[in-house]
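341 is the number of the first residue of the sequence shown in our numbering; add one for each residue after it.
Worth flagging that the hints you see were computed from the coordinates, not collected in a lab.
Since we're looking at a predicted model, the values are computed, not measured.
Honestly, I wouldn't trust all of these hints.
Dumping the calculated EDC-like pairs for lysine to aspartate or glutamate here, alpha-carbon to alpha-carbon at most 20 Å [said to hold, decoys possible]:
id : residue 1 : residue 2
1  : K441      : E487
2  : K441      : E490
3  : K441      : E472
4  : K441      : E465
5  : K441      : E616
6  : K441      : E451
Computed beta-carbon distance windows for the label pairs [what the hints assert, rightly or not]:
id : residue 1 : residue 2 : range
7  : R522      : A623      : 49 to 57 Å
8  : D533      : A379      : 18 to 26 Å
9  : G414      : N551      : 30 to 38 Å
10 : H382      : P527      : 35 to 43 Å
The beta carbon of each residue, even a glycine, is placed where N, CA and C say it ideally should be.
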Amino acid sequence: MHNVNTRTLDLNLLVVFATLWDTQNVTRAGERLALSQPAVSHALRRLRERLGDELFVTGRHSLVPTARAAELIGPVREALSRLDDVLQGSTPFLPAAAQRKFRIASGDFVEFLILPRLIQHIAREAPGVMIEVVPLPPSNALPPLLETGEIDLVINTPLALGAGLREESITTVSLLTLIWQREGLPPGRFPLDLYLERPQVMIEMHQRVGNIIDTTLQAQGLTRRVGVLVQNFMAMPVIASQTGYICNLPGPIAQVFAETFGLSCHQPPVDFPEPELIAYWHARFDSDSGLRWLRELIKDCAVTRPA
341 MHNVNTRTLD LNLLVVFATL WDTQNVTRAG ERLALSQPAV SHALRRLRER
391 LGDELFVTGR HSLVPTARAA ELIGPVREAL SRLDDVLQGS TPFLPAAAQR
441 KFRIASGDFV EFLILPRLIQ HIAREAPGVM IEVVPLPPSN ALPPLLETGE
491 IDLVINTPLA LGAGLREESI TTVSLLTLIW QREGLPPGRF PLDLYLERPQ
541 VMIEMHQRVG NIIDTTLQAQ GLTRRVGVLV QNFMAMPVIA SQTGYICNLP
591 GPIAQVFAET FGLSCHQPPV DFPEPELIAY WHARFDSDSG LRWLRELIKD
641 CAVTRPA
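Generate coordinates for the entire structure from the input sequences, incorporating the hints supplied.
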């Protein structure tokens, strides 16, 4: 075990560590902290020296935390949260003793990605806490619902919600492409010609800002065929498994549905940007230690892209 003198440890290094864990990217961490990329890299190097561990290594698409980093993130977040409570004068939130219901507005894909692990953690650490997930209202209805506390959090891909609201990145999620197994495709990238030729199942999401798949394809002079528009993610693999249509789903969901519905799972033929999940809340509740605890727990439970 590497000996660390906590009396001389710069707390700013822990803030950088937690932000790197959230973003898995030095540049994005710097943007969130208003630091240059060299400054973030320097802070990471100092923390590596102090802790005697790499903490993050370079993966295919992002920084990948080491086992030591995974051990540290929970205690580090708890320590930073408690420090915030003391400095802001808010009442500490004690999960084990809390009796509270949190209302989260999100789409069904967020429930698949985060809710199972979130409920497991809450049942173990905060048995008196209840989570209620409600459908995502229209964008113009969200600010007053967040301001009054009728909804505690909104979790979704980026939204334009206006002033008075806070936002925090939860995770980014890679997309995978699915088709029925009888197509007999080899593992690896999905063939581009088949991707453009075969009809696709597409989710209709009025709340999203643009369509990353179509925008990326159009930038390369390509267009896909949309065969059907559906309202929820669960319908996509069901339809694909019975029609031979293609669907694109967040990686962790895709892998589960592929096994359940007899689909083969592939890297898309084109590298699409990875959708970012954002948590939104009202500035009135910045000092709400319970809400801050929930956000940190959600980030811990968020299913990140495969390394």
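Verification of the supplied hints:
no.: 1; hint: K441 / E487; verdict: holds, 17 Å
no.: 2; hint: K441 / E490; verdict: holds, 11 Å
no.: 3; hint: K441 / E472; verdict: holds, 7 Å
no.: 4; hint: K441 / E465; verdict: holds, 15 Å
no.: 5; hint: K441 / E616; verdict: violated, 26 Å
no.: 6; hint: K441 / E451; verdict: holds, 17 Å
no.: 7; hint: R522 / A623: 49 to 57 Å; verdict: holds, 53 Å
no.: 8; hint: D533 / A379: 18 to 26 Å; verdict: violated, 46 Å
no.: 9; hint: G414 / N551: 30 to 38 Å; verdict: holds, 36 Å
no.: 10; hint: H382 / P527: 35 to 43 Å; verdict: holds, 40 Å
In this structure, the earlier hints numbered 5 and 8 are contradicted, and the remaining ones agree with it.
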